[in-house]
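Residue numbers (the working numbering), protein chains in the order written: chain A, 1 to 221; chain B, 222 to 442; chain C, 443 to 691; chain D, 692 to 895; chain E, 896 to 1099; chain F, 1100 to 1158.
Keep in mind that the hints were calculated from the coordinates and are not lab data.
Hints may contain errors.
[Said to hold, decoys possible] Restricting the straight-line Cα-Cα distance to at most 25 Å, the calculated cross-link-like pairs of lysine-lysine (PhoX-like) are:
1. D:K796 x D:K812
2. E:K1094 x E:K1000
3. C:K690 x B:K270
4. E:K1000 x E:K1016
5. A:K49 x C:K623
6. F:K1155 x C:K561
7. D:K796 x D:K890
8. A:K49 x B:K270
9. A:K49 x C:K690
10. F:K1138 x C:K690
11. D:K812 x F:K1155
12. C:K623 x C:K690
[As the list claims (entries may be wrong)] Which bits of chain D does chain A cover? Going by a derived footprint, with three or more residues having C-beta under 8 Å, they are:
13. 737-745
14. 770-776
15. 783-791
[As the list claims (entries may be wrong)] Heads up, incomplete: computed chain E residues facing chain B, CB under 8 Å, no partners named:
16. Y973
17. K981
18. L996
19. L1001
20. E1019
21. G1074
C-beta atoms are modelled at their ideal positions from N, C-alpha and C, and glycine is treated no differently.
Residues per chain are reported as follows:
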Amino acid sequence: MSALWAVIRRDLLLAMRRKSEVLTALFFFAIVSSLFPLGIGPEPDMLRKIAPGVLWVGALLAAMLSLNRLFAADHQDGTLEQMALSPTPLALLVSSKVLAHWLVSGLPLVLLAPVLGLQFDLSPRSLAVLMISLLLGTPLLSLIGAIGAALTLGIRGGGVLLSLLVLPLYVPALIFGAGAVEADISGLGAGGHLSLLAALTVLAGFFAPWAATAALRIALE
Amino acid sequence: MSALWAVIRRDLLLAMRRKSEVLTALFFFAIVSSLFPLGIGPEPDMLRKIAPGVLWVGALLAAMLSLNRLFAADHQDGTLEQMALSPTPLALLVSSKVLAHWLVSGLPLVLLAPVLGLQFDLSPRSLAVLMISLLLGTPLLSLIGAIGAALTLGIRGGGVLLSLLVLPLYVPALIFGAGAVEADISGLGAGGHLSLLAALTVLAGFFAPWAATAALRIALE
Amino acid sequence: MNNRLINWFKFASPQSFYPLAGRLWPWFAALAAIFCLAGLWLGFFVAPTDAQQGEGYRIIFVHVAASWMSMFIYCVIAFWAAIGIVFNTRLSGMMTSALAPTGALFAFLSLWTGALWGKPMWGAWWVWDARLTSELILFFLYLGFIALTAAIDDPRRADRAGAILALVGVVNIPVIYFSVKWWNTLHQGASVSLTRAPSMAQTMLWGMLLMALAFWMYAIAIALYRVRVIILERERHTTWVADLPEIKA
Amino acid sequence: MLTVANLACVRGERRLFEDVSFSLEQGQWLHLEGENGAGKTSLLRIVCGLLHKESGEICWAGRPVAESDDEYRADLLYLGHAGAIKEELTALENLRIAAALGGRKLDETAAFAALRRLGLKGREDLPARFLSQGQKRRVALARLLTSRAKLWVLDEPFVALDVRAVDELCSIIAEHLRGGGMALFTSHQAVNLGAAGRKLRLGP
Amino acid sequence: MLTVANLACVRGERRLFEDVSFSLEQGQWLHLEGENGAGKTSLLRIVCGLLHKESGEICWAGRPVAESDDEYRADLLYLGHAGAIKEELTALENLRIAAALGGRKLDETAAFAALRRLGLKGREDLPARFLSQGQKRRVALARLLTSRAKLWVLDEPFVALDVRAVDELCSIIAEHLRGGGMALFTSHQAVNLGAAGRKLRLGP
Amino acid sequence: MNWNSPAEFFAMGGYALYVWGSFGVTALCMIVEPLLARKRRCDAVNSLRREIAANKEDQ
Ligand code: HEM
Ligand SMILES: Nc1ncnc2c1ncn2[C@@H]1O[C@H](COP(=O)(O)OP(=O)(O)OP(=O)(O)O)[C@@H](O)[C@H]1O
Ligand SMILES: Nc1ncnc2c1ncn2[C@@H]1O[C@H](COP(=O)(O)OP(=O)(O)OP(=O)(O)O)[C@@H](O)[C@H]1O
Ligand SMILES: [Mg+2]
Ligand SMILES: [Mg+2]
């Protein structure tokens, strides 16, 4: 138990020490969501329509960008070896790392999303649905991302390979997440989408740590 | 001279050796551009309207993602020190590295763009304008990106900080690039946008290598 | 000529700037308070109600001043950055890091008050107008500057990296501004148009100017104050800092 | 306690070694020698279970290692080329976190004492990034003082250390051996740890 | 040729050394000693111009270094802790690219000969990732054989090498000195390079 | 004088939320920022004093 807690504490400590890290994931989200109007044009009607998609894609990219730091630093300086040699099962340690990753890079996105939603002129109700969908969906992003990060560990150019592996797996999260907000905007009720999203997250919570652990063991060879 | 050529040759060789690298930047571009229709919905009219923006934002993100490898690997294994100690001026070596970066990560985007444009039902003429705008704009992305990459070198969590620094500076490229395609679609003529884009690229070609070199010298301290 | 140059460089040393800043900042703070009171009085009690916008227009008194300051401070930062790169003075780096938070604050206030103004006037918190967009980007530039200098722990390196970024940014600001402007005016949004008071009442103008002056004084005062703290932090190992009365006491 | 029998290792298409056998009892050390590239690092990593072995058997306390994984790992301390040092954390934090990963809580005084013994007094609160190469290595080695593992597996522990630190490390290992521990290490330098051990040469 | 006068270095808030002076003439070597963290690496990097000096002067061929940068760098070869080895490239490619960065084209036979002399025969075409630690170090050292620089600045060149490689490296440096070269290096081990040199101790 | 009563002043012709929201946040920021700066100065001075005291003990 104490090892798990130590891993979470350490990852949060590292995030604080690197100061900018937490904030910059947020800003990436903010900037990407602001780039789209610049690329597409300023008409509010159009923007309102594409808002859920753009915001979810932005969250997804922000979560993804922070993934390649999930295990890479620990791999390079040998901490991962030490984790594999720790008496605590590696899968549990991996789960703590994923949890810490979500706390650092997922949760802040959830909190920032409504502000960005305002840029696209969304209604308060839709903003609430957006937050809920992100709250349910970002852990899924971290969990799936952990598998991808573990698989691409130690492979040079892994960063981009990682996106290649992970983005297709993110598609369901994107569809249900953005779908929930869209359904709400068009008055259809977001319940169905949200419960599917929650189910996916729970499932991934059970299986992803094991898959990531297996992948890590391969990378350590 | 031979040192410049050697740098370019080496970077291309490394890109080939890491195989996945060139391909995955492309796939990232492809996947991001395909995620949008998923997040936004399938109406063709809407898609045609947002196409230039989405494609350009996709290209921009793909170019940006490959940036943090621009100097990082060379910094870590000491090659950058050796470059700074080389009798050839560092600014020239940096220019060659930027050129190599563009060849590896910018040029392929230009070639892939028309294929992705088809997904959004663009006309052949607009596709041509899209390609030209990317051809003129992607070097600008590499040049500005080099400054950001040099500034964030050796700073942990630099990857996301890099995006924060670079994305605001990318805005003009995005606006003129996507603007050119949009102007063409709406029949206004893309000439003005394109020539502005070209002017910016030429300007950056003169000044960005110096700024990047100054930043690199700081990182080497 | 030569004599004057030397004088300037004398004040460019942290040791002599520290007491100078200490003497100056209270005056600027007092001026800020006076101008602010006068401006608020003019703005709220003298300036008449606007014909089109009712009382809502009174946001102008903070909004415009904050917007101006946010842009101006960035230019000052770039100026100090250039000085730092050319003359390699230590003080310039301290000035940039003392000014940046205040500049970011004003950029934020400009966005905030603008958004609060936009909702009643345009019916939306935010529209993608050229001016608003470039202010947003300016805000991001500030944040980038602050994040970059915070991420480097050696102050000398942080200063120089920040200086390069500030200069690159200041070259880009006009480019960004004009690109955004052109982007926006090429296809103007249909439902929104800027409704501005065509000719400002004289008292409004004065109120605005007074508030701008107040913000200006405030920015100078807080920057001087903060630069003193930064000097203390960075020069902690010098003997003159150890001999300062406020440290000895 | 540790018995290694008929170990063979293949990397790429190269057979690095075969038929390597040795055993370590309490209080004994084994110094692995060999030219660069002989396969010393590979052997150590196989013993720790980090690398796949081609053939052979490794037993700890009489039982093959694969079966008693968790217990084995609790008895094991491995220190590789990379020291598992986080550049952003201070020496103190690095040490305490390493202990926590090994499943034990380390209190501050013990950590301070360990760092001091390795000559890092006054550097406890400096981020590791600012430490010199040898100092980083010392932080990693401080783990030896705070762990209760019986088997120490050390890959070139003497590299980058100055003369005084090499002596200190030797006496640390000797203490561990006197307490019934075991040490398996590689080094290109000659080391003197007393009689209860031997050298094993890999390769020609 | 190389004269260093009254050098001082400050890292963070720590004054590492001050008033360090020495000079190197053709055929001479200088062995920099000192405890871990004494500032040896920092001194070497200052001499190369990679690190900012607090005060003091460095002259090459009678002229202060800052003025004659390009010529100085053409005469200089620096080998740090990191060997500038790309893991994806083969030993041969690494060596040839390093030469090109130094401004010279290296033909294949010369490169092969250099690698062979450092005991990497048969490993020339293996990506560096698969090499052992000592072998990677040898690839970096092969640059010594292919460069024409007069001043060699080597940071712990003997680390991770086996005994035979240490001897070989010594003889390579000795040859360089006989040819009128200079060598400035750090090492925690004792080295024997002949009479034309001395040791300098940093710190207490 | 524009206002007949304090209530009218605070109602701002129906724009109270927006006007007071702007002025309030601005005032808040301009109060908090100096306070933060002051705290930073106190921290700096205190740590300096402690350090100097520690140095004296050493000698
Ligand atoms: C988030 C929203 C807004 C932002 C970021 C913003 C930004 C700016 C900036 C940067 C300036 C100074 C520009 C210059 O002097 O050229 C400015 C001035 C001004 N703004 Fe805004 N603004 C916003 C919303 C509004 C709204 C809603 C109104 C009124 C309906 C408004 C009215 C004005 C006026 C009257 C000026 C003075 C312009 C002049 O005299 O040139 N702004 N704003
Ligand atoms: N894929 C591969 N193909 C061929 N040879 C390989 C491959 N991977 C590793 N090797 C060889 O395996 C050996 C690795 O050995 P190892 O790292 O265990 O050496 P070592 O004894 O620790 O050497 P050192 O003293 O330099 O640390 C090297 O000789 C290397 O060339
Ligand atoms: N920011 C800083 N604050 C305090 N001390 C610092 C800082 N940066 C570096 N140092 C100190 O500077 C020294 C770095 O020295 P350097 O790397 O030159 O040592 P070295 O003699 O090469 O040691 P080694 O033998 O271990 O390689 C270390 O003692 C380190 O603690
Ligand atoms: Mg080894
Ligand atoms: Mg050193």
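Return the numbers of the hints above that this structure violates; sort them in rising order. Checked against the structure, the hints that fail are numbers 2, 3, 6, 7, 9, 12, 19, 20, 21, while the rest are satisfied.
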